[in-house]
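Q: My request is simple: use the sequences and hints to build the entire structure.
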Amino acid sequence: MFSWQPRELPAGRCALLRMGHLTLWIWHVPGEWRLAALQEEQQQATEYRDDLPVPREVGEWIRYTGPAANSTFRLLPALPALPLAISPASVMHLLPASRSELFVGIPVTVRVGIPYGGDTLTLAEHPVQPLAKTWFGQPDDPRGELCLSLRSRARLDVAELGPADPARAICALRLHNPTAAMLPLQSLALPTDPLGLAQDSEGRLWTTDVEVVFKGGGTEATLRYVEGAEAGQRTLLTPPRHSAAAGNFSSRLLGGPGR
Amino acid sequence: MLTMALDWLAAHARTLINVATIMVVGILIGVLLQRLVRRVMERPFGKSTAIIVGKTVRNLVIVLALFSALSAMGIRLNSILAAAGVAGVAIGFAAQTSLSNLISGIFLIGANAFRIGDIVTIGDTTGTVHNIGLLATEVRTFDNRLVRFPNEMLVKQPIINVTRFPIRRLDLPVRVAFKEDPARVMALLREIAAANPLCLDNPAPIVIFNGFGDSGMNFTLGVWFSSPDMLAVRASILCGIKACLDREGIEIPVPHIALYAGRETRPFPVECQTPPATATPPATAERPS
Chain X
4 MFSWQPRELP AGRCALLRMG HLTLWIWHVP GEWRLAALQE EQQQATEYRD
54 DLPVPREVGE WIRYTGPAAN STFRLLPALP ALPLAISPAS VMHLLPASRS
104 ELFVGIPVTV RVGIPYGGDT LTLAEHPVQP LAKTWFGQPD DPRGELCLSL
154 RSRARLDVAE LGPADPARAI CALRLHNPTA AMLPLQSLAL PTDPLGLAQD
204 SEGRLWTTDV EVVFKGGGTE ATLRYVEGAE AGQRTLLTPP RHSAAAGNFS
254 SRLLGGPGR
Chain U
995 MLTMALDWLA AHARTLINVA TIMVVGILIG VLLQRLVRRV MERPFGKSTA
1045 IIVGKTVRNL VIVLALFSAL SAMGIRLNSI LAAAGVAGVA IGFAAQTSLS
1095 NLISGIFLIG ANAFRIGDIV TIGDTTGTVH NIGLLATEVR TFDNRLVRFP
1145 NEMLVKQPII NVTRFPIRRL DLPVRVAFKE DPARVMALLR EIAAANPLCL
1195 DNPAPIVIFN GFGDSGMNFT LGVWFSSPDM LAVRASILCG IKACLDREGI
1245 EIPVPHIALY AGRETRPFPV ECQTPPATAT PPATAERPS
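These protein sequence lines are chains X and U, in that order.
Going by our numbering, 43 is the number at position 40 of the first sequence; the sequence numbering is gapless.
Going by our numbering, 1002 is the number at position 8 of the second sequence; the sequence numbering is gapless.
Because the hints were derived from the structure by calculation, they are not lab data.
These numbers were taken from a predicted model, which means no experiment stands behind them.
A couple of the hints might just be wrong.
Here are the simulated lysine to any residue pairs, SDA-like style, with alpha carbons at most 25 Å apart [to be verified]:
#: 1; chain 1: U; residue 1: K1236; chain 2: X; residue 2: P9
#: 2; chain 1: U; residue 1: K1150; chain 2: U; residue 2: R1134
#: 3; chain 1: U; residue 1: K1041; chain 2: X; residue 2: A135
#: 4; chain 1: U; residue 1: K1041; chain 2: X; residue 2: E43
#: 5; chain 1: U; residue 1: K1041; chain 2: X; residue 2: R146
#: 6; chain 1: U; residue 1: K1236; chain 2: X; residue 2: L134
#: 7; chain 1: U; residue 1: K1236; chain 2: X; residue 2: A135
#: 8; chain 1: U; residue 1: K1041; chain 2: U; residue 2: S1062
#: 9; chain 1: U; residue 1: K1236; chain 2: U; residue 2: L1164
#: 10; chain 1: U; residue 1: K1236; chain 2: U; residue 2: K1150
#: 11; chain 1: U; residue 1: K1236; chain 2: X; residue 2: Q45
#: 12; chain 1: U; residue 1: K1041; chain 2: X; residue 2: D144
Only part of the chain U face toward chain X is listed, based on derived beta-carbon distances under 8 Å [as the list claims (entries may be wrong)]:
#: 13; residue: I1161
#: 14; residue: P1191
#: 15; residue: E1265
Don't be surprised by glycine CBs; every beta carbon is placed ideally from N, CA and C.
A: Structure (structure tokens):
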């Protein structure tokens, strides 16, 4: 199980993280931290090592220096900063007056943080899988939104998700179609800011659960961010980017027949 | 002389203090009101409008303070205003252009055609809107020059606001040789767009077969992108097209003209003739003695 807990890296040592398409080098030089990130073409197995020599060619090192450079740093998972436009790999239909729960895997970003004033200061954040940008809405739609495009198998059973993968967070989407019309679900814009990330005992990453209630008559839906029943058995790793919005109702576009 | 000045100051000290107080307080209130107006108006009406309305409010308050100060000095405002009315007519004739710019500036702000920070194209100039004033608008070009457009001029000609919408489409012409398969070329162009992380997948890229040109078949690849990514998208897509077409062995033709001898299929006849200088000397030629 991959550990997201603080790690020690004595001065002069270099650590390597491979996760998804991301290769991340962390070099602790006395008085400073140096980071270098590469996006590989091929997906890699997750690996963390701190017994490697400093690589000669890793692109550009980004340096962070300050008065309190101790030897502790922390890797933390986070969700992409842009909203996600989630599209099922196959078009799904939600039957009238019905509910369904989908499990969507979201590639995480990796934050590198150091202790700073009793808190963790994020030095950098890198995606483990670069997602293409997409526009949710019509090109001249003032309510349109720039999102990251995410194709999902949208599994109905959590057991189908396979073994725990630290590079992906699972989001449980509880869909509710209270109307008398069939709802073709093509795409859903999901704001990630109100979503926190927690880890279960098997190492799986879970986001805050999302309830999506289709309003009918258009493409509007109400999103509600809720803590699931299992939330108490999970360890919160990363709080929402904007915690004030967590738990509030929020209206977003849903890719229904109007899209 | 000095005594006279001191006597005058002593006699009018109270008035001078009053005038100074009125002006200082007036300016302070004007500046505070300007900030307040900017803060209140910036979100609903935009930065440009907030700046201009703020400046107008500040100047009005300062003018009022000035009139109050003049009144405190015992100067009659009626005569000043009457003189100002006559002078205003004269100044109005002399400053027609400035007044036109001023009114145009108000129209521009009302029309909300662009805001500070937008990228605009005006005539041959493209750059970022640096400042919108009542008389003129300043645009900072990408090579870091400041171009000042009188507002009257902006009202009279088209302005292209490049960054009004968050996403844009870039249309790139692509030409390939006649011998290539157009369906394959179109499929490759779609793949190039799909593989570029800066290109949006929605709205989907478009590939159009425009027809047969003089030197090859003409296509257009149109990709949507987030407006700030303009330069990066152009460079990466052009590089992608070149690399892909080279890899697939698809020829990008240079402009050329094919000559025909008047028949459709027969080749142009070419006849080789031996140049006289290299011809074999005739047997009867005289040898030099």
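Q: All hints, please: hold or fail.
A: Do the hints match the structure? See the list:
Restraint check for K1236/U and P9/X: not satisfied, since their Cα atoms lie roughly 46 Å apart, outside the 25 Å limit. Restraint check for K1150/U and R1134/U: satisfied, since their Cα atoms lie roughly 20 Å apart, inside the 25 Å limit. Distance check on the hinted pair: K1041/U and A135/X sit about 32 Å apart at the alpha-carbon level, beyond 25 Å; violated. At most 25 Å may separate the alpha-carbon atoms for a hinted pair to count; K1041/U and E43/X exceed this at roughly 42 Å.
Annotation: proposed proximity of K1041/U to R146/X holds, straight-line Cα distance about 21 Å (limit 25 Å). Between K1236/U and L134/X the alpha-carbon distance is near 24 Å, which keeps this suggested pair within the 25 Å criterion. Our distance criterion of 25 Å between C-alpha atoms is met by K1236/U and A135/X, whose separation comes to about 22 Å. This hinted pair does not check out: K1041/U and S1062/U have alpha carbons roughly 32 Å apart, beyond 25 Å.
Annotation: proposed proximity of K1236/U to L1164/U holds, straight-line Cα distance about 17 Å (limit 25 Å). Annotation: proposed proximity of K1236/U to K1150/U is violated, straight-line Cα distance about 42 Å (limit 25 Å). The hinted pair formed by K1236/U and Q45/X meets the criterion: a straight-line CA distance of about 23 Å does not exceed 25 Å. Distance restraint check for K1041/U and D144/X: the Cα-Cα separation of roughly 22 Å lies within the 25 Å cut-off, and the hinted pair is therefore satisfied.
Nearest Cβ of chain X to the Cβ of I1161/U: about 5 Å, under the 8 Å cut. The hint holds. The interface hint given for P1191/U holds, since its Cβ lies 5 Å from the closest Cβ of chain X, which is under the 8 Å cut-off. For E1265/U, the interface hint is violated, since its Cβ never comes within 8 Å of a Cβ in chain X; the closest pair sits about 56 Å apart.
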